[in-house]
Amino acid sequence: MSELSMSTRRLSPAAKAALGVFARYATIIGLILMIVAFSILSPDAFPTFSNFINVLNQASLAMIIAGGLTLAVIVGELDLSIGYAASLNGVLVTGLVVKNKLPIPVAILFVLALGALIGLVNGLIVTKLRVNSVIATLGVGTIIVGLAFAYSSGVPIVAGVPEAFLQLSLGRWLFGIPNPIIVMALVVGGLWVLVERTAIGQEIQAVGGNPAAARLAGISVDRIKILGFIISGVCAALTGALLASRLGSGTTSAADSYLLTAFAAVFLGSATLRDGEFHVLGTFIGTLIIVFGFNGLNIFGAPTFSQYVFQGAILIIAVGLSSLGRMLAES
Amino acid sequence: MNGFAGEAGTRPASPVVAVNAIRKAYGGAQALKGVSLSILPGEAHGLVGANGAGKSTLIRILAGLTQPDAGDILVDGKRIVIATAHQASELGMSFIHQELAFVPGMTVLENIMLGLPKKTRFGVVDWPAIAREIEPVAKRVGVKAPLGANVKGLSTAENWLINITRALVRKSRLIVMDEPTAALSPAESQRLFAIIRDLRQSGVAVLYVSHRLDEILELCQRVTVFRDGRSAGELAGARLTRQTLVEAIVGGAVEGLQKSATPVAAGEVALSARGLGRPPKVVDVSFDLRKGEVLGLGGLVGAGRSETARLLFGVDRPDMGAMTLNGRRFAPKSPAAAVKAGLGFVPEERRAEGLVLTKSLGFNLGLANLNSIVVNAMLPLISGRRRKTLAERTIRELAIKTPGVETPVGQLSGGNQQKVVIGRWLQSQPEVLILDEPTRGVDVGARVEIHRLIRALASRGMAVLVVSSEPEELSDLCDRVLVMAEGRIVSELVGESLSRHGIIAASYAGAQERSAA
Chain A
2 MSELSMSTRR LSPAAKAALG VFARYATIIG LILMIVAFSI LSPDAFPTFS
52 NFINVLNQAS LAMIIAGGLT LAVIVGELDL SIGYAASLNG VLVTGLVVKN
102 KLPIPVAILF VLALGALIGL VNGLIVTKLR VNSVIATLGV GTIIVGLAFA
152 YSSGVPIVAG VPEAFLQLSL GRWLFGIPNP IIVMALVVGG LWVLVERTAI
202 GQEIQAVGGN PAAARLAGIS VDRIKILGFI ISGVCAALTG ALLASRLGSG
252 TTSAADSYLL TAFAAVFLGS ATLRDGEFHV LGTFIGTLII VFGFNGLNIF
302 GAPTFSQYVF QGAILIIAVG LSSLGRMLAE S
Chain R
30 MNGFAGEAGT RPASPVVAVN AIRKAYGGAQ ALKGVSLSIL PGEAHGLVGA
80 NGAGKSTLIR ILAGLTQPDA GDILVDGKRI VIATAHQASE LGMSFIHQEL
130 AFVPGMTVLE NIMLGLPKKT RFGVVDWPAI AREIEPVAKR VGVKAPLGAN
180 VKGLSTAENW LINITRALVR KSRLIVMDEP TAALSPAESQ RLFAIIRDLR
230 QSGVAVLYVS HRLDEILELC QRVTVFRDGR SAGELAGARL TRQTLVEAIV
280 GGAVEGLQKS ATPVAAGEVA LSARGLGRPP KVVDVSFDLR KGEVLGLGGL
330 VGAGRSETAR LLFGVDRPDM GAMTLNGRRF APKSPAAAVK AGLGFVPEER
380 RAEGLVLTKS LGFNLGLANL NSIVVNAMLP LISGRRRKTL AERTIRELAI
430 KTPGVETPVG QLSGGNQQKV VIGRWLQSQP EVLILDEPTR GVDVGARVEI
480 HRLIRALASR GMAVLVVSSE PEELSDLCDR VLVMAEGRIV SELVGESLSR
530 HGIIAASYAG AQERSAA
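Going line by line, the protein sequences match chains A and R.
Plus 1 on top of the position in the first sequence (first one is 1) and you've got our numbering.
Plus 29 on top of the position in the second sequence (first one is 1) and you've got our numbering.
Heads up, some of the hints might be wrong.
Unchecked claim - No more than 30 Å apart at the CA atoms, straight line, and that leaves these computed lysine-lysine pairs for BS3-like:
| id | chain 1 | residue 1 | chain 2 | residue 2 |
| --- | --- | --- | --- | --- |
| 1 | R | Lys62 | A | Lys17 |
| 2 | A | Lys129 | R | Lys310 |
| 3 | A | Lys129 | R | Lys181 |
| 4 | R | Lys200 | R | Lys148 |
| 5 | A | Lys17 | R | Lys430 |
| 6 | R | Lys147 | R | Lys168 |
Because the hints were derived from the structure by calculation, they are not lab data.
Computed from a prediction, not measured in an experiment: that's the story for all the values here.
Start from the sequences, fold in the hints, and give me the full structure.
See the structure below:
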């Protein structure tokens, strides 16, 4: 960090300003360039209305879980349990509908409540036991994997999934927009209003910016951090439930890979428009970059390994841009 | 290996370091509008100026932490660019700041040698040989701690001496000291002055940055005054007096604080403490704080003042004793609970504990006061307009110097940052306001303004507790002063007995009594 920040100090003010603009808009420029490039390379398949709707639909589940994670990182913590929590809740919601014959809304409310509970446990461990959040959520996440196996014995729940459950994610509403996009829009909008426009949002930002100052200004830092974890857990559960509906099955590790996607999206987002500060709108743009990238790779039939390379590389680029922004803001 | 290179008496007239017409802007704010300064070998050169005058910015530029937009830096008459902190060190400059940076868990010697090439034997660092070389330097500076001791438990004064040793080991020809005595006792300060005089004899130059004019007058041969990012003058010889310094800093005459001759008829008791304690720092504290009064809490460093304030505000919880607020039992479990009950707190470390530096002035002002900037209680959305109106009113009332409401508070000067922290409570109007070192590191002008503001709050009926290590501040500002020693309140000063002298006498008497008992 200090070596790197040294290197930015050597720059002239003009170069620094230019670099600042680059750091702030690089993600958006990257997104536009990617869309333009894919459109030129694949004019028939890529730049069509139906493909854009398809990409947004793909992005919805990632965006919901990444949106939740954004709240956890704004309050200054990391939540590594989200992928596992999504998987568990996906299995559970399918099981509740198929095995226990619960009405679908009740089953969904049940898993959202469980998501909140997982977040609460994470938050209590971090704030009351003062365990580092990486360790705490990794531990909780691993326990969750165990619970998912205990519930399903590792066997995917496929048979007897009712059509109505599949329609949750396959159905369309309002001008034929797929349901997940509508859910995502509500979640993103809700989270954005919460963080940027409410009193609690101010407290959330203050806790992330300087916990000591927030505490002495009369803010309950622990409560705000727990809230961040709970929102993260609820969003993970929602993503898990929608994924189960989309796959038509409850599989124990179905949503695990969303962890990496969510982190990449959140860090890309922090480099967007603001100097290394996490925010909901940024996460949205970050998610779009990742999903458009995947979509493009798919259309060109790129081999599976390249998708891993893409995702790993984009995570590193994202964190790099994010800390570059922060360095420039400080110098 | 030691840095006592030059010899007394042979002083070349050319400056070790000179800066010429330096300009620097941060964002929209022009921090330096052309400052010049030259430091001769073997001189203690004072640098004074109000907060925001540009002292810190110049020091950052010399230290290679930031680059000037225009102007020249000359070392030994040669124009140079200081691109990194490492380069500043190579050029023979050392910087000792208020917040001293040591690696905890390492020894004194290891910290002194940090970043320096070390002697090795068979490829292994030869600490005994290094220690033999450093020992005389450390001894001359007056480091009492053994070189092998862990730096963790050492006093601030000892840390300063270790830093000076480090500077000498690096063969520094210029040592920049930023508010060196802020955390030192009078005796420790005197020891530091003796060392600075000793350094001068050896040809080492010292740039001494301080708000404490008495020290500047005692120590420095020449003094450069900064005002609003410009050099406002260089004073030396007969022209260097307290009067000329103050005039140069403020750019005119300073108006004193008007404390009402008769103490305000204090109202009913707002906050009351009985037998409050959290050993070892706070042992037995009892007092009544009345509405409309400014009560001071003084005493020597380590007397337990700040710790008492933390108990009152629910930051720490007392092990014994009880408090009441407006006659009702008051036992805050957290600062949040204290705020809810009607308390406000301005902490000692404003940057670390008072502000979210990356956020705007409006954001920071609104923090303790979110209820009054939301649209309504049912719909707790922040009204940008209401926040802006409130922030602008506070900026006007407190005369906060800022480009605007949206400016990040990190870009403001210390005095203006402090006004933001106080302004936060101005908006929410708590019944009891506790201020810990309200004017530490704040310039003469802002200090008067802050004092006036505190008096105004009390006259509106607020109960104010001011914790301060400066006897002048307490005697100027307070209606009544409690002096603490070793965790207890040892005397109460009011009326005639409330003076700078009285407070100092009570502090030392109390400390002595306690240690004798």
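Structure-based check of each hint:
1. R:Lys62 with A:Lys17: 20 Å, holds
2. A:Lys129 with R:Lys310: 25 Å, holds
3. A:Lys129 with R:Lys181: 27 Å, holds
4. R:Lys200 with R:Lys148: At roughly 16 Å apart (the allowed maximum being 30 Å), Lys148 (chain R) and Lys200 (chain R) satisfy the hint.
5. A:Lys17 with R:Lys430: The hint holds at about 26 Å.
6. R:Lys147 with R:Lys168: Given pair Lys147 (chain R), Lys168 (chain R) holds - Cα atoms ~20 Å apart, limit 30 Å.
Figure legend: structure checked against the earlier numbered hints; every hint is met.
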